[in-house]
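Participant: Please arrange chain G on chain U, whose structure you already have, making use of the hints.
Taken in sequence, the protein lines are chains U and G.
The opening position of the first sequence corresponds to residue 1 in full-length UniProt numbering, with each subsequent residue numbered one higher.
The opening position of the second sequence corresponds to residue 1 in full-length UniProt numbering, with each subsequent residue numbered one higher.
Keep in mind the hints are simulated off the structure, nothing from the lab.
Nothing here was measured: the structure is a model prediction, and the numbers come from that model.
Glycine is no exception: its CB is placed at the ideal position from the N, C-alpha and C atoms.
Check the hints yourself; a few may be wrong.
[Claimed, not checked] Taking beta-carbon pairs under 10 Å as the criterion, some of the chain G residues facing chain U (in silico):
hint: 1; residue: Gln-93
hint: 2; residue: Tyr-95
hint: 3; residue: Arg-101
hint: 4; residue: Arg-156
hint: 5; residue: Ser-160
hint: 6; residue: Gly-162
hint: 7; residue: Phe-240
hint: 8; residue: Gly-256
hint: 9; residue: Leu-265
hint: 10; residue: Val-268
hint: 11; residue: Asn-269
hint: 12; residue: Ala-270
hint: 13; residue: Asn-275
hint: 14; residue: Leu-278
[As the list claims (entries may be wrong)] So the derived label-pair ranges between C-beta atoms look like this:
hint: 15; chain 1: U; residue 1: Glu-33; chain 2: G; residue 2: Leu-53; range: 26 to 36 Å
hint: 16; chain 1: G; residue 1: Asp-78; chain 2: U; residue 2: Glu-33; range: 44 to 54 Å
hint: 17; chain 1: U; residue 1: Lys-32; chain 2: G; residue 2: Arg-79; range: 12 to 22 Å
hint: 18; chain 1: G; residue 1: Val-157; chain 2: U; residue 2: Arg-185; range: 17 to 27 Å
hint: 19; chain 1: U; residue 1: Val-147; chain 2: G; residue 2: Arg-79; range: 37 to 47 Å
hint: 20; chain 1: G; residue 1: Tyr-148; chain 2: U; residue 2: Lys-64; range: 28 to 38 Å
hint: 21; chain 1: U; residue 1: Ala-170; chain 2: G; residue 2: Val-157; range: 24 to 34 Å
hint: 22; chain 1: G; residue 1: Ser-224; chain 2: U; residue 2: Glu-184; range: 48 to 58 Å
hint: 23; chain 1: U; residue 1: Glu-389; chain 2: G; residue 2: Lys-151; range: 23 to 33 Å
Now for the letters of each chain:
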Amino acid sequence: MKPTHWRGRVTMACLSVLAVSVLAGCGSDEDKETDAVEELGEMEGQVSILAWPGYVEDGSNDPKVDWVTAFEKDTGCEVTSKVYGTSDEALNLAKTGDYDVIAASGDLSLRLIASDEAQEVNTDLVPNYENVFDFLKDSEWNTVDGVNYGVPHGYGANLLMYNEKNFDSAPTSWGAVFDTEELERNKGKVTAYDSPIYIADAALYLMKTQPDLGIENPYALDEEQLDAAVALLKEQRKYVGEYWSDYLKEIQAFETGDSVVGTTWQVIKNNIKNADVQVTLPTEGATAWNDTWMLSSQSENPNCAYAWMDYILTPKANAQATEYFGEAPNSPAACEETADPNHCETFHAGDEEYAEQLWFWRTPIKECLDGRTDVECTDYAQWTQAWTEIKG
Amino acid sequence: MATSTPAADGRTGRTTDPALRAPVARPGSRLLHRLVWLRLGLLLSAPLAWMLLIYVVALAALLITSLWSVDSLSSEIDRTWTLDNFRTLVENQVYRDVTVRTIGVALAVTVIDVAIALPIAFYMAKVASPRLRRMLVVAVLTPLWASYLVKVFAWRVVLSEGGPAEWSGLGSPGYGLTAVVITQAYIWLPYVILPVFAALERVPDSLLEAAGDLGANSGMVLRSVVLPLLVPGILAGGIFAFSLTMGDYITVNIVGGANQMLGNLVFVNAGAANNLPLAAAIAMIPIVVMVVLLAAIRRTGALENL
Chain U
1 MKPTHWRGRV TMACLSVLAV SVLAGCGSDE DKETDAVEEL GEMEGQVSIL
51 AWPGYVEDGS NDPKVDWVTA FEKDTGCEVT SKVYGTSDEA LNLAKTGDYD
101 VIAASGDLSL RLIASDEAQE VNTDLVPNYE NVFDFLKDSE WNTVDGVNYG
151 VPHGYGANLL MYNEKNFDSA PTSWGAVFDT EELERNKGKV TAYDSPIYIA
201 DAALYLMKTQ PDLGIENPYA LDEEQLDAAV ALLKEQRKYV GEYWSDYLKE
251 IQAFETGDSV VGTTWQVIKN NIKNADVQVT LPTEGATAWN DTWMLSSQSE
301 NPNCAYAWMD YILTPKANAQ ATEYFGEAPN SPAACEETAD PNHCETFHAG
351 DEEYAEQLWF WRTPIKECLD GRTDVECTDY AQWTQAWTEI KG
Chain G
1 MATSTPAADG RTGRTTDPAL RAPVARPGSR LLHRLVWLRL GLLLSAPLAW
51 MLLIYVVALA ALLITSLWSV DSLSSEIDRT WTLDNFRTLV ENQVYRDVTV
101 RTIGVALAVT VIDVAIALPI AFYMAKVASP RLRRMLVVAV LTPLWASYLV
151 KVFAWRVVLS EGGPAEWSGL GSPGYGLTAV VITQAYIWLP YVILPVFAAL
201 ERVPDSLLEA AGDLGANSGM VLRSVVLPLL VPGILAGGIF AFSLTMGDYI
251 TVNIVGGANQ MLGNLVFVNA GAANNLPLAA AIAMIPIVVM VVLLAAIRRT
301 GALENL
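Isolated chain U (complex conformation) (with noise of 0.2 Å):
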């Protein structure tokens, strides 16, 4: 018996040693490129492309709604694309490397340049560039010391959706989802977006309503701060029925009635052939993403990449893309490209005023975003982790 027990014992160990260095071999930095190029080269002849719903559209879920095949006749590259329905699915997705180009809101934006997943980029390359309203053009989470990392492609709000019947009157706060009140009347059909960024819209409502806690922005919360939006959330879960990251989950879900009161986006809405359901911007204004083109680090039709990074830029293709999607477009002259004349007008295109009522995405790090060095802010991990046990 004895013999065997060793003998075991010595095939784990060396088991456990084979492993340990296979994962650790795994870990090692491959081919990552993060300086920016010099000038561009010759065309690869594809191009893939990580995106959210409705940035990359090729006609094939509608039609009508393609902007992808003028490119790929124009440049010869073969557009191939996913969507992701949270960044931090994103995250994982372009960490494979698989990915040449990358649209990227702000929560996701500062990690991928943290692990070295981003290439800078030379705006010199994409001559579209310049159109970009200035405003948006080297901001904090697409430019980290002075170095930039992404051309802006639109930008919007999260909207409040909600099916008229279920309401007296058209609901104007979100309260709708987070006063007691009101969640009593839609018990077990109110809906959350499924991501710990979604604490944010929990603090936005406390900062308007309960300023003894001092809330000055959505993504830097001290520890006291983040048990206030937990506890509101935790009070939220008793009266959700489900939470959504798959935007074809939510879509169903306000068809059928499932839902009939939620966090969304303007896409979602487009998409719903319920003519009751209905979105609005709520009067605290709302958390909102500023979308990033960014270049892989492992990028190996860079080419291709900057062609299509130029050419999203484009009034006509950014007039295209923002409008399906429904946000602002990112420049003067793809206001003048859209087909509803009053498109930038009703999502408030270059309002600087108005961009300010939006907390765009950000992700929430130990130093304090808002400026304060008192205190120690919760970092996005330990919104992970209060995301957990908010959902229960």
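Facilitator: Then chain G, alone, in the frame of chain U:
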């Protein structure tokens, strides 16, 4: 073959063709014959290597990963040993709640599946004509040919507001744990029916007749003859249903409303939050539960009949 036996001598006496003798004297086979461990080693090395690489190393990697941590901003894995992940699991109420919920759902699915599978399997094995039996086996197997996702989304539609469950007058429990139990019970049912059916088929009819001849009524025959013989089949089916439900995260995502199970926590941490070490630590929970469960079943001696 090199040693001479009377039979071999007799054969050489009858045939003198050297070609027929050649394979017998091949040195390779002689060596293998003499060295038992070499023969065994060559025979088992391929499956063993497979088993080690795919199974044991993966498990070891899981355990090792669970002892690492992750940098929150860059999401790089920090390879210093720490028990933090397990401390998180123990100290936070939420992980205990989710574990209990997951075990509860798995138990409910197992009980429901066994309760449904027993009469169906009994009818298939003992009552139905051979022709009908073949058709029933095909009917039980057919759902396995459809994609898992299609089946779960079908249930999402069935249970949705104003969906088929409500038209039929049965009413829908809405999305939630009940919906998860219903959907999972449906999906894993074939995996329970088949082992029970196989076990029942092995019970000879003569045994049932003999019990009847000796004065047992049908209830007694079931209780003291059929059920004890079925235990291995029920256990096999039950373990399938239980372990498959323990690891599932898609069904609860689609029909589970706002609930989460262990699989979701693993998925969220590995896929979304990018915290592979914590995901690995959470993944150890169902493994431990299954090991404890199997050890408990082994204690009852039921595994020896498998």
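Participant: Tell me the hint numbers this structure goes against, listed in increasing order.
Facilitator: Violated: hints 7, 16 and 19.
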